[in-house]
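Trainee: Here are the chains, one letter per residue:
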Amino acid sequence: MNNPTDIKERIKKNLVWKSIFRRDYRNTVRDRAQAIFGNIFLHLHPVQVREGAVKLRFTWGMGGITFFAFIILVITGVVLMFYYHPSIEQAYSDIKDLEFQVPFGVILRNLHRWGAHFMVIVVMIHMFRVFMTGSYKAPRQFNWGIGVILLVLTFLLSFTGYLTPWDQLGFWAITVGTNMGAATPLLGYQGPFSEFLHITPFNDVRFALLGGSRVAGNALLRAYIWHCVAIPLVSVILMFVHFWRVRKDGGISKPQK
Amino acid sequence: MATDNQNKSSYRVYLFVFFSVLLLLMTLWIVWDDEFGLRPWKKYQKEFKSLKHEQLQKEYDKAQSDFRKSGDAQTLARLEAQLKKAKDLFNSSEVQQKYKKLSGQWADVHESAARNQKELQTNRGQYLETEYYFTKTQKPEYKKKMDELQKRIDAITAKGAAMQKQEEALKAALVPFTSGIADIEAEIEKMKSPLEEKKERIGTSDKVPVEIKQVYIRDIDLADRCQSCHIGIDGSKQISTKQPFTRHPASFVFLKNHDPEKFGCTFCHRGQGRATTSVQKAHGNVKHWEEPMLEGDMTQTSCLKCHGDVKHLRGAEYIAQSTELIKKYGCYSCHKIPGYDSIGDVGPVLTEVGTKVNYSWAINWLLDPKNYFATARMPKFFFTQDEAESIADYLFSMSGTTRHDVDYSTETPDEKLVEQGKTLWSQARCNLCHITNGKGGNNVKVYAPDLSKVGSKVNKEWLFRWIKNPNAYFPGTKMPRFRFTDEEIKALVEYIVSEYTDDEASPKYTTPVEIKSESIKKGKDLIVKYGCYGCHKLQGMESMGQIAPSLVSQGVTFLKADEMREKIGTELSSIGSKPVDMLDFGKLKKSISNDRLSYIKQKLRDPRGYRLGLRMPNFRLTESEINGLAAVLYGYTDNNVPSRFMVPSRQELDKMAGVQSYKFTGDFAKIIEDVKCTNCHSIKGIGADYAPDLSLAGSKLQESWIRKFLANPDVIRPLLQQMPKLGLTGGAAPAKITMPKFNLGIQKVEDTNRSDVDVIINYFQQELVTTDIPKEIPVITTLTPEDQIAKGKELYDQKGCRSCHQVGTDGGALGPNLSNVGNRLNPGFIFRHLENARKFKPDIVEPNYGFSERERIYLTNYLMTLKLNAK
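Chains X and L, in that order, give the protein sequences. What the first sequence shows, in our numbering, is residues 1 to 257, in sequence order. What the second sequence shows, in our numbering, is residues 258 to 1128, in sequence order.
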């Protein structure tokens, strides 16, 4: 009864154990493959990886690190949302409170902020590597396209997150950024032919981005929704496609023999 | 091959271990930093607590030693001995036997009484139940049962009452056994309790948790955590004079009226109230925080956020004094400043200035006003000689004159006239307002010009016209019209022109020179550019700066004239909260500190220093004036202040209530306009506080006294000379201050045949009265008048009135001299004044003695006998 193997056996025969782990694990090729197939978190991962593909010198691991940064940002971002109100009266005070009052607020906010910078840098290096190794070539053209969209989404996440502290830096960054939209042909009221196309400050892309004609409360709310809900959602979906395509296109690219 | 791999993996293990340890240490550091590093206030609070503990302990120790010394300890020891004796007696077997027997009896009775009570409850319950069934069914058996039960209940109740009596008797018999002990114990407790209380306070203060102390005001989203470090700021006692533990200075004014729980700290002091991690951050002395903490007098700038009127506000003396500078220099003439919309021009009317002054003088004045006299308020515009001539040319041509100077230095004055003029000069007390050769000018708020060199500035003809009727040349001037005869004016003019001359004056245009038309045009352009019309009324530019042309051209009609006023300078109504980004530091970006206050101060110091092309003139303010003005401007913010904080000024309240502000009427209004009584006196809230308030003069003063006084202020007035209040309001040393002789009563008011004095007296008696002050005082018939007066004198001596008031040569000088009070004041006023002095003068220092009505009658009767009979 008190024999450790007995206890182990009893636990393993338990229905809860069985429902979670399904079957015994023996260190065989078959079981290892089964573990990957049967696990939702790992099912995107190929069952087998060629040795050359894990060579750090070739891939730099930048795609994985980007995803890692993204996970950190999601986790810290969710926690930050508990302390933040997207209103112009409170936003800046909330940031100040994070700095001065919230337990571990400083590390929390700085993880999010520096993590964001890190992700932008890493994702660019990732793209650079993919380009330099020619990994965008057939059969990976489609995934390159997805990657480019993900790059833009990363930039947009960074841009929208810039406004959320509602400080001078973010305010002017958004002012400049949206003014660029206003000057874009066919989209902004300052672009060419805007008068001819009846584009005014009140119906152009800048208006849509700001939720008004000035950087004010609506702009903050929009930035917040884009930053915390809409763009992450789209990014996650596209990331799944991206990872899925990596597998379907023959795994992580590797040095040609 | 195998060893190679092994080497490689062991190297990896070391790396892994290294980074794991690093991560662990960093995590520990993060936790430590979050708990202590970022929360320095914990240290302060602990220190404060130990300081407080020390102080309370000291108090306790002192109380204890006092207790021991004062013989209370012996009393206590005696009481304790008594207590022991009483207890011993009580515990002796004999007493105990009796006591136990009695208490046993009592216990028995008490127990059976309790049983009885229980039985009663049971029966009552049954009765109620039966009653319920009976009312439902109406069966007689229930009725019968009810009767039975009722009988039983009555019996039990009777039994219970008997038992209670028995119980009480037994209890009373028990009391004497222990009462002695209880009394002694109570006495001991009473002696010990103050000490115990002190000890308890130590315990409570030790138990106060170390935590963030925050004030949060929802509607302005203000969260202050200042008291986390400044923990003793609102305490009832000074725990330590060390920062941050001190109490708020003068908290009986500031914190008493502004509960920190409702106002927070940063509402007045600014700074970064949310910050708790370092002193610099909390005080806002960090980059990118635009509101550094305000300290000392500068904090008074925040009074302006809520208080519409800071003039008589306690604790706001500095800002009240500084706001006067805005009026003095007329900042509102060029800038829009809240609360200064409807104030008149600062400078004199210049429509006919060519008939008044010498051309050479005008040029010198335009070049540098302070060079002419040091108290000049007009700023320096840095005109070139050429520009100054153009401006003077415009002004002179508009007055219809040429470039001309008058030079009296060669003439010999008529000695007799000069002598007569000198007497008039001193009788009219010209020096009360005007400075000559560094003397006089006590009534500073009228800003009368320095007359030391006036003989080389103006011509005799103009001076004659001016003294004869100042309003004709400059409507709204503060100069009164003295009722001089033409001969007297001539004498006065002769005296002024011969006495007060400028030795350095160099008249260039004694032979007039024609003015060129190009110069006039250039002058006009300059005047428009620099906005002279802001302060001066100019011919041909009457409407400039009054109505914004852009609004007029758009057909805006719904705005009031004040709201449409377009001013030459920047609007200053929210300068105190203007973002630093919006301030143009120009050339000085790197050489001065880039904060709002430094910007304002530098602008006042050197208005054109930031970049080329600025137009603001240099007022050459002293450094203290700069600080004062900057403090005022810093207070004009557009921060949203909840309406419950606002304290509107009297005028604003009147406006809100739709009350018309007081206006003088009839002939009296004409006299006020003419003699400018309100230059010195305040009447119904209008005017200055230089001379006594006349709002209730009709009730207060006797008619005959007013008549005598107006006819000849010199004779009666000296009685009040020592009144220190007069000297104080002027700010200068108390000089010999008397009211000027206006020669009232000589002339008749236009269109009537009443004299000035009659009009004044009539107005005083009709308008400046209150029903609160009776004409006559109640009469006491039980005592003879003489006895009443004697009793009044007795009271006067007894209450020490003479320590402040003077009668004859006896008494102090803090209060008014009462030697002639019987001639001056109405008895009704004295009677009411003795009841509550503050009723009519809220800031009076006279204490309230709480006299009875009778005492007040005696005192009034006595005071009314104090008369100086003019010989």
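Keep in mind that a hint or two might mislead.
As the list claims (entries may be wrong) - Each computed DSSO-like pair below joins lysine-lysine, with the alpha-carbon atoms no more than 30 Å apart:
(1) Lys375(L) <-> Lys428(L)
(2) Lys568(L) <-> Lys584(L)
(3) Lys96(X) <-> Lys835(L)
(4) Lys357(L) <-> Lys303(L)
(5) Lys303(L) <-> Lys464(L)
(6) Lys499(L) <-> Lys96(X)
(7) Lys927(L) <-> Lys96(X)
(8) Lys428(L) <-> Lys725(L)
(9) Lys735(L) <-> Lys912(L)
(10) Lys568(L) <-> Lys464(L)
(11) Lys96(X) <-> Lys747(L)
(12) Lys299(L) <-> Lys96(X)
(13) Lys747(L) <-> Lys735(L)
(14) Lys96(X) <-> Lys696(L)
(15) Lys96(X) <-> Lys585(L)
(16) Lys847(L) <-> Lys96(X)
(17) Lys96(X) <-> Lys544(L)
(18) Lys137(X) <-> Lys248(X)
(19) Lys96(X) <-> Lys428(L)
(20) Lys585(L) <-> Lys299(L)
(21) Lys300(L) <-> Lys428(L)
(22) Lys941(L) <-> Lys96(X)
(23) Lys96(X) <-> Lys562(L)
(24) Lys568(L) <-> Lys470(L)
(25) Lys927(L) <-> Lys585(L)
(26) Lys315(L) <-> Lys544(L)
(27) Lys96(X) <-> Lys306(L)
Since the hints were made in silico from the structure, they are not lab data.
Trainee: State for each hint whether it applies.
Mentor: We went through each hint and held it up to the structure:
1. At most 30 Å may separate the alpha-carbon atoms for a hinted pair to count; Lys375(L) and Lys428(L) meet this at roughly 22 Å.
2. This hinted pair checks out: Lys568(L) and Lys584(L) have alpha carbons roughly 13 Å apart, not beyond 30 Å.
3. Taken as a hint, the Lys96(X) and Lys835(L) pair is honoured in the structure, with Cα atoms around 21 Å apart against an allowance of 30 Å.
4. Restraint check: the Cα-Cα separation between Lys357(L) and Lys303(L) comes to about 56 Å, which exceeds 30 Å; the hinted pair is violated.
5. Straight-line distance between C-alpha atoms of Lys303(L) and Lys464(L) comes to about 11 Å, which keeps the hinted pair within the 30 Å bound.
6. A hinted pair counts as satisfied when its Cα atoms are at most 30 Å apart, and Lys499(L) with Lys96(X) qualifies at roughly 28 Å.
7. Taking the CA atoms of Lys927(L) and Lys96(X), the gap is near 63 Å; set against the 30 Å cutoff, the hint is violated.
8. About 104 Å separates the Cα atoms of Lys428(L) and Lys725(L), which puts this hinted pair outside 30 Å; it is violated.
9. Pair hint Lys735(L) plus Lys912(L) holds up; C-alpha atoms about 26 Å apart against a cutoff of 30 Å.
10. Pair hint Lys568(L) plus Lys464(L) does not hold up; C-alpha atoms about 45 Å apart against a cutoff of 30 Å.
11. A hinted pair counts as satisfied when its Cα atoms are at most 30 Å apart, and Lys96(X) with Lys747(L) does not qualify at roughly 75 Å.
12. A hinted pair counts as satisfied when its Cα atoms are at most 30 Å apart, and Lys299(L) with Lys96(X) qualifies at roughly 19 Å.
13. About 21 Å separates the Cα atoms of Lys747(L) and Lys735(L), which keeps this hinted pair within 30 Å; it holds.
14. At most 30 Å may separate the alpha-carbon atoms for a hinted pair to count; Lys96(X) and Lys696(L) exceed this at roughly 59 Å.
15. With a CA separation close to 43 Å, the supplied pair Lys96(X) and Lys585(L) exceeds the 30 Å bound.
16. A hinted pair counts as satisfied when its Cα atoms are at most 30 Å apart, and Lys847(L) with Lys96(X) qualifies at roughly 29 Å.
17. Restraint check for Lys96(X) and Lys544(L): satisfied, since their Cα atoms lie roughly 14 Å apart, inside the 30 Å limit.
18. Between Lys137(X) and Lys248(X) the CA atoms are separated by roughly 14 Å; this keeps the pair inside 30 Å, and the hint holds.
19. Restraint check: the Cα-Cα separation between Lys96(X) and Lys428(L) comes to about 70 Å, which exceeds 30 Å; the hinted pair is violated.
20. Between Lys585(L) and Lys299(L), the direct Cα distance comes to roughly 50 Å. Violation of the 30 Å bound is thereby established for this hinted pair.
21. For the hint pairing Lys300(L) with Lys428(L), the CA-to-CA distance comes to about 59 Å; that exceeds 30 Å, so the pair is violated.
22. Between Lys941(L) and Lys96(X) the alpha-carbon distance is near 51 Å, which puts this suggested pair outside the 30 Å criterion.
23. Note on Lys96(X) and Lys562(L): the hinted pairing holds, with a Cα-Cα distance of about 25 Å set against a maximum of 30 Å.
24. Taking the CA atoms of Lys568(L) and Lys470(L), the gap is near 35 Å; set against the 30 Å cutoff, the hint is violated.
25. At roughly 26 Å between alpha-carbon atoms, Lys927(L) and Lys585(L) fall within 30 Å of each other, so this suggested pair holds.
26. In summary, the hint linking Lys315(L) to Lys544(L) is not supported, as the alpha carbons are separated by about 44 Å, beyond the 30 Å threshold.
27. As the CA atoms of Lys96(X) and Lys306(L) are separated by approximately 28 Å, the hinted pair is consistent with the 30 Å bound.
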